[in-house]
Amino acid sequence: MNVFRIGCRFLSSTRPVWNAEIPGFNGAVGGMSYLKRFGSKKEIPPNSPKTIVKRIRRKESRLKKQIVRDVNNLKQHEVKNVQLSVDPVLGDPKCAFIQRIFDEVADHENHLAYGVDKVEFEKLMYGVEKANLEKLAGTNVISSEQARAMEEKKKRALLTILNLRNSNSFDKRKLAIRLAREEFQRFDGDTGSPEVQAAVLTVKIHFAMKHVKENRKDFEYIQQTREMVQYRQRLLKYLKKDNPERYFYTIHKLGLADDVVHCEFNMGRQYFQDYKVWGDRQLVKLSEKQQKKIQKVHDLKRRVEEYQTIAKKNYELAKQATTKGSN
Amino acid sequence: MARQNFVGLVISQGKMQKTVKVRVSGRVYDRKIDKEIIKRKDYLVHDEGEICKEGDIVRIESIPKRSSKKAFAVAEIKVNKGQQFALYQDMAKERVSQEIADRLNTAQNAQAEGVLSKIADLRKLDSLTEQVVNASSEEIDGLVNEIESIKQKYNISQWPTTDELIELEVNHEAKAADGTRVNNIKYILDELLSQAKYEEFVKDVVNEKAKKPFEEVASSTKKNILRKYVLNLENPCPVPIPHSV
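Protein chains in written order, with my numbering: chain G, 1 to 327; chain W, 1 to 245.
Any given hint could be a false lead.
[To be verified] With a straight-line cut-off of 30 Å between C-alpha atoms, the simulated DSS-like cross-links for lysine-lysine are:
#1 W:K78 / G:K241
#2 W:K93 / G:K240
#3 W:K124 / G:K153
#4 G:K59 / G:K296
#5 W:K21 / W:K69
#6 W:K203 / G:K80
#7 G:K59 / G:K293
#8 G:K204 / G:K130
#9 W:K223 / W:K203
#10 G:K276 / G:K237
#11 G:K94 / W:K93
#12 G:K80 / G:K289
#13 G:K65 / G:K319
#14 G:K75 / W:K15
#15 G:K210 / G:K174
#16 G:K75 / G:K64
#17 G:K118 / G:K94
#18 G:K241 / W:K39
#19 W:K21 / G:K241
#20 W:K69 / G:K80
#21 W:K93 / G:K80
#22 W:K53 / G:K174
#23 G:K64 / W:K69
#24 G:K118 / W:K153
#25 G:K240 / W:K69
#26 G:K240 / W:K21
#27 G:K301 / W:K21
#28 G:K276 / G:K54
#29 G:K94 / W:K15
#30 W:K151 / G:K130
#31 G:K42 / G:K54
#32 G:K64 / G:K217
I should point out that these hints are in silico values taken from the structure, not numbers from a laboratory.
Produce the complete structure using the sequences and hints provided.
This is the structure:
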């Protein structure tokens with residue numbers, strides 16, 4: 001798809017496609033004329049009679065018209081069917097913020113389960129060790145080294161219990177939400193500003209989509225997710241009106257885009273099919289007429305691509321011929 | 001004759017060189033349906049400097065035809081909202097990438113790491129002080145030096161100490177009960193409403209605010225009135241506040 005898009009821009013640009021000056025081409029040659037000239041060019045065998053030459057020329061002109069028509073039709077189609085720039089639910093898959101949040105949630109080293117803070121835990125364990133050592137100091141029952149080893153053992157046992165692997169996804173989601181909130185908050189303890197709400201919803205949506213991917217029959221949950229997506233849209237629309245600077249920062253950080261916020265979007269079957277949430281499963285049945293229409297566009301794209309390859313080939317040949325001629 | 005003038009919204013930009021599409025809308029009376037309807041027309045408009053952005057509101061002015069479809073040029077930009085948004089978008093991109101770079105450069109969560117290293121150092125201090133007792137005379141100098149350096153690092157005057165070196169979250173609550181009215185409001189209200197010696201004070205305060213006679217005022221309302229009264233620091237509070245809980 002991407003390859004095609006580049007091709008299309010190349011076809012539709014009005015600027016010269018290459019800068020090299022080729023004698024006989026009047027310097028700047030537009031992309032269109034490039035196609036016309038080379039896509040439709042046929043080779044005429046030498047010493048062929050006039051009638052044959054005429055026939056070939058006629059064929060050439062017909063093909064030229066066809067090419068122009070096809071390219072223009074495709075251009076119109078592209079203008080009418082503008083695709084969303086990013087996934088309207090999950091946003092940009094390369095979004096650094098989301099990746100970081102998920103990395104943190106998977107980080108067993110620095111985070112503990114059940115909402116226990118790692119640093120606070122370390123401090124407490126040190127305090128407990130000190131207290132116990134002091135208690136044992138007068139008694140002379142065991143040496144301080146033995147006592148320390150015992151404390152270490154206790155600490156390790158606690159760490160095993162508090163390992164993130166023992167927590168459920170709800171706890172992980174809670175941690176992710178806390179991290180997201182802390183990054184977006186305007187002041188300490190801010191939970192209500194629209195950007196914080198949008199960030200929290202984004203985290204929730206990511207967790208929800210993970211669940212939806214695995215449980216495609218959980219219709220209730222899908223509906224809840226759908227509502228979250230639309231609520232986030234509404235919040236962001238408000239934020240744009242209220243504080244555009246923060247709005248653009250927020251959407252960029254969350255991996256969303258302006259068109260995604262403002263488009264009419266419903267997370268329905270079409271979305272699940274287009275973004276392959278459950279693999280290559282066909283969810284929307286098309287009528288014969290619709291199928292034909294899609295096939296038509298598909299054929300058109302293929303044709304234009306073909307013209308392009310022919311044009312490129314012919315252009316190379318022409319270039320070689322001119323360089324040979326000049327030498 | 002004055003030139004033809006319209007005010008409209010830029011709806012498309014960047015697709016043609018030095019050209020923007022401007023939507024001009026106006027109210028037109030429709031005789032068939034007998035009411036005013038909004039009619040709009042899109043113009044291709046010349047924009048020499050290419051400064052307009054989608055979302056701007058511009059005034060356009062008629063000019064001699066520049067091309068087959070262009071007979072207007074941008075005269076002024078009335079509201080530059082589109083330009084602002086474009087600027088904000090660029091700023092956001094820069095800011096986010098800057099944040100990512102900052103995160104890579106600086107150690108993550110420096111504060112937490114500082115606390116962890118402090119705990120490690122204190123542990124070391126403990127073991128060093130134990131070693132000093134059993135150490136031979138040759139080793140003592142090195143150990144003492146090490147101890148002193150750690151002490152200096154965290155500004156510790158003596159070891160073992162009774163000072164609080166590490167702040168625990170568990171202690172916050174105890175510390176919060178520091179004798180202010182806000183932190184002890186529950187205790188104060190309980191005392192006021194239960195003890196007989198404060199009855200007169202309660203009666204005075206409640207009678208001042210409540211619309212009903214004292215006997216008919218609900219206990220929750222009394223509590224609310226008292227809370228508001230006590231929390232205002234200008235008012236006296238008869239209950240002595242406990243200084244340590």
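Quiz prompt | Hints violated by the structure (listed by number, smallest first) | solution = Those not satisfied are hints 6, 8, 22, 25, 28 and 32.
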